[in-house]
Amino acid sequence: MKITNKIIENHGLKLDEYENIKKLLKREPNFLELGIFSAMWNEHCSYKSSRIHLKKLPTKGKHVIQGPGENAGVIDIGDNDAIVFKIESHNHPSYIEPYQGAATGVGGILRDVFTMGARPIALLNSIHFGSPDHVKTKSLLNGVVSGIGGYGNCIGIPTVAGETKFDETYNENILVNAMAVGHVKKDKIFYSKAKGINKPVVYVGSKTGRDGIHGASMASAEFDENSEEKKPTVQVGDPFTEKLLMEACLELMKDNSIISIQDMGAAGLTSSSVEMASKGELGIELELDKVPCREENMTPYEMMLSESQERMLIILEDGKEKAAKKIFDKWDLDFVIIGKTTNTNNLTLKFNNIVQGEIPIEALASKAPIYNRKWLKKNIKKNEINFKSLKKIKIEEALIKILSSPNHSNKSWVTNQYDQNVMCDTVQKSGSDAAIIRIHNKDKAIAVSVDSSANYCKSHPITGGKQIVCENWRNLITTGATPLAITNCLNFGNPENEEIMGEFKECLEGIKEACEFLNYPVVSGNVSFYNGTNKKNIYPTPVIGGVGLIKKLSKPISHNFKKNESDIILIGKTFGHLGQSCFLKENYSINEGMPPEVNLLNEKNNGESLLKLIDKNLILSAHDVSSGGLITALSEMAISSEYGAKILKPKKLTNLFEYFFGEDQARYIIEIEKHNMSKVENILKNGNIYFEKIGYTQQDHFEMDGEFKISRKDLFEINDKWYNKF
Amino acid sequence: MKSSVIVFPGSNCDRDVAVALEKLQFKNQMIWHKETELPKSDLIVIPGGFSYGDYLRSGAIAGKSRIIDEVIKAANSGCLVLGICNGFQILTETGLLKGTLLRNKNLKFINKDVHIQVQNNKTKFSNKYKENQVLKINIAHNEGNYFTDADHLKEMKDEDLIAFKYCDENGIKNLNSNPNGSLDNIAGIFNSQKNILGMMPHPERMVDEMISNQDGVNLFSSLIN
Amino acid sequence: MKFSITVTLKKDVLDPQGKVVQNTLFNMGMNSLKSIRQGKHFEVEVEENDQSIAKKKVDEMCKKLLVNLIIEDYKINKI
Amino acid sequence: MKFSITVTLKKDVLDPQGKVVQNTLFNMGMNSLKSIRQGKHFEVEVEENDQSIAKKKVDEMCKKLLVNLIIEDYKINKI
Ligand SMILES: Nc1ncnc2c1ncn2[C@@H]1O[C@H](COP(=O)(O)OP(=O)(O)O)[C@@H](O)[C@H]1O
Ligand SMILES: [Mg+2]
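Residue numbers (numbering that gives the first Met the number 0), protein chains in the order written: chain U, 0 to 725; chain S, 0 to 224; chain Z, 0 to 78; chain A, 0 to 78.
So that you can see chain U by itself, here it is in the shape it has in the complex (with noise of 0.2 Å):
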């Protein structure tokens, strides 16, 4: 079959793509080849216009054990236990076939969880839909949090934490991302590196289908004579299937049969081969006849193609295989040798004993496209808000606003469609600043939490990077967990536009600034271009998920009141800033101005004078001041809680709308019993720390003298009303 133009369109490549392929292989590819080039060469998998940027990040630090290159990223949190975690994101097939889509997000990330060994322990999620009155936001809605929650709960892992966001900027591409964490012993991880030559490969899991095989239907409708109905691309996930290959996985890792693992993600069967392969610098001969097929006549092609869920490909000891297949047959899976590993350094493919492809390794690897493209700088609009004519609104009434707003709204509709409380160790599910899961068995807790602020990175993309880090380390600190490290998902437009990816460029300056000095290292993430169309593209939005320690696990501290007539005390400086804030979104739909500023110094101090008198044992509840401001974060503790508070006039700022719902950074509320007053301002005055008494518990009422006044329940109500509606 000849090659033509439109094939390789078809198939995602560019024309001066395909001639640097020709040269690696020194002849034209076939068919099977250039499928497996478009698969390796596309963004998702070779990095290619992302890789230049991401190397900056930094990756070290004393606890990670593996960065950013694996399954997933790795961390040591003593005692021998390790944590696993990463993110990544469904976004294009969640919005074609929103439960599917979700799912199958699920299964993927767990996958690269346990294939590190480690026995997946929480999840979490950040999606993102359009306006909530645009057409489509209620059934994606619907469908993505089913989704996630049908896979989730079927596989039997409690889905703790995450975020859920609405924007018109997503109305054409909502954003799903999904995040696992795994614990594992230190001394019993599995990586992707093959090593030695005549091992053997095998398959297992599900069988092949010919699911989600991309340019494939398009560029088949051209040459297939018998011309097939159209194949749908759409995955459907089996949870069911991913439990037995969790287990028998894990069961077979138990002893020293495996060399290396690694799941078949996108690009599946390509992808998987290539990357063990090319790790171990090596060559891998597959026989594609032996692949289990679901359905009769599937094509080398196909098979290599196929994004079928719930599949691994292992690389075994010698005189291990009986051992392990009876694993495998135990927990009914297929179990199937279908290759080797060699020192060609190729990528061999048989298929009816005849070599139907061959492909260099690094061609495919190494060698694939990476690109500086040009970017632009961000252009800022320093318009400043003219306050003075804006509508006169009452506190009382802009604050309504807020809490009622589909973005701040009680969730748990959402959360109560997974299982939070699955495996027994939830010690704090959603609903605080970040969830809490013990380790098993042991008096030490993770705390996880997923955070993103899409309008500051749009407005600042540099300031939106690190405020994002921060206040993804904050959700940390008020539980008293200790932030170890993050994973990211960088969620952007068309990145061949110059100026998202200046926007991507200036982001990821802004979470390496951040990352650098909170000592807060990345160690795993995922990329993903192109939501949006060209000419619309999605607001910038980087996703961070962070992991901290919590060493002795006493009482969780959440952010609820715990007692009457307690002390209020905010940490972290007021300026009453308002560009980019809920409240003049929510009240005026403005959405001008610069996020707030972030100052990294404060973050630092403030966060660790925090977690010092919580391990002091000084603190009741804790809360970290982010959108929607002062006033909401102390609602919230409310809302919550069985208590109200009182709020007292502040003594310098003068205007009320900036005190209550400016989203200066860095700041945190805790509420500390009237003794322990003296002992925290020492501790917080030796860390040079600002801070302010603004108020006390009491029962039933939110209010400030002559400014407002409401009953909890109403707060409650008003917090839960759009959902219910829903």
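Each hint can be trusted.
The calculated lysine-lysine pairs, modelled on DSS-like cross-linking and capped at a C-alpha distance of 27 Å, are:
no. : chain 1 : residue 1 : chain 2 : residue 2
1   : U       : K400      : U       : K724
2   : A       : K54       : Z       : K39
3   : A       : K1        : A       : K77
4   : Z       : K74       : A       : K74
5   : A       : K9        : Z       : K77
6   : S       : K63       : Z       : K9
7   : S       : K1        : U       : K441
It should be emphasised that the hints constitute simulated quantities derived from the structure, not laboratory data.
Got chain U; can you put chains S, Z and A with the ligands on it based on the hints?
Using the frame of chain U, we list chains S, Z and A with the ligands on its own:
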């Protein structure tokens, strides 16, 4: 006391229940569904989860497995059997318990802490609870909407076979305190010999103060005589 | 030989799913809808040439696994 | 006027349920079974005397709610 927890492919609360049993001094064994014999035990637990993915009907396929024949035999000779969540669904599929568990009324998976009231504290499973005690307990299911025919409902009422009913924190049982649409707010039932208990809520999730509360403890300790 | 099996909930069994679907359709403005009930559908192929034997086998599958006779009815059709 | 709707997964779409049911029937000794696929079945009654209009309405229900057109096919029959 010896207990056996049956593990099906797709069970996922098996470890949780084993931890709870061991915490309460049971000598527990995990029994893989392909085994053909059950070790002698005082209590058999069928744990929660999604056996066989809950495909076809929840509990249906597990209800046809080989080990279930052994469970039926043991149950018929008086052994105590506890089915939690998916385990309850499996017990109804085998016929050991009557009735069935339909989709939740709102057609959504529901996970939250709810209240249930002890309806009969004179059984092997409930003797440590007070009369009409209200417990706070976690539920997590898609199909927990209990349904049975009028005759069976009457029989259960006449013979005190209803174990737990959903209620609010004050013990009030009505539509508002019924999370999933269950007939008569039923959350758990006994067979007529009262040696088999099926319940949708998860007592094994309520044995650890750090994680939740201890409202499930008495269910397990009632069994220890 | 191929058969289709239709499994429906018995008349007096509550059908939560059907009810929600019915309400949703109603709210979507399809008010000519009088009732809707949901069931399951299977397509089975058995290796057997004698139709009556084949049908018996399918019937056995229904009784033994596919149908919960306490709450469900079923029908088998040759296709 | 009454119609039945049969909703089936498109060819080539993974049917995890069907797979498990098939294995189970096999393990129960029903080895003449060649294949089984599971779908949904609806029985709808609409208030409408004109058959073609009625059918159109049912078709609309399918498209708008009952069927996931990305992965499912459907058939409508008058009963
Ligand atoms: N934004 C990022 N920051 C840091 N590491 C990243 C980022 N994106 C991807 N990576 C790393 O690059 C590697 C390849 O990612 P990916 O293709 O998503 O892996 P997989 O195929 O296993 O899902 C992984 O090790 C991942 O952690
Ligand atoms: Mg991977």
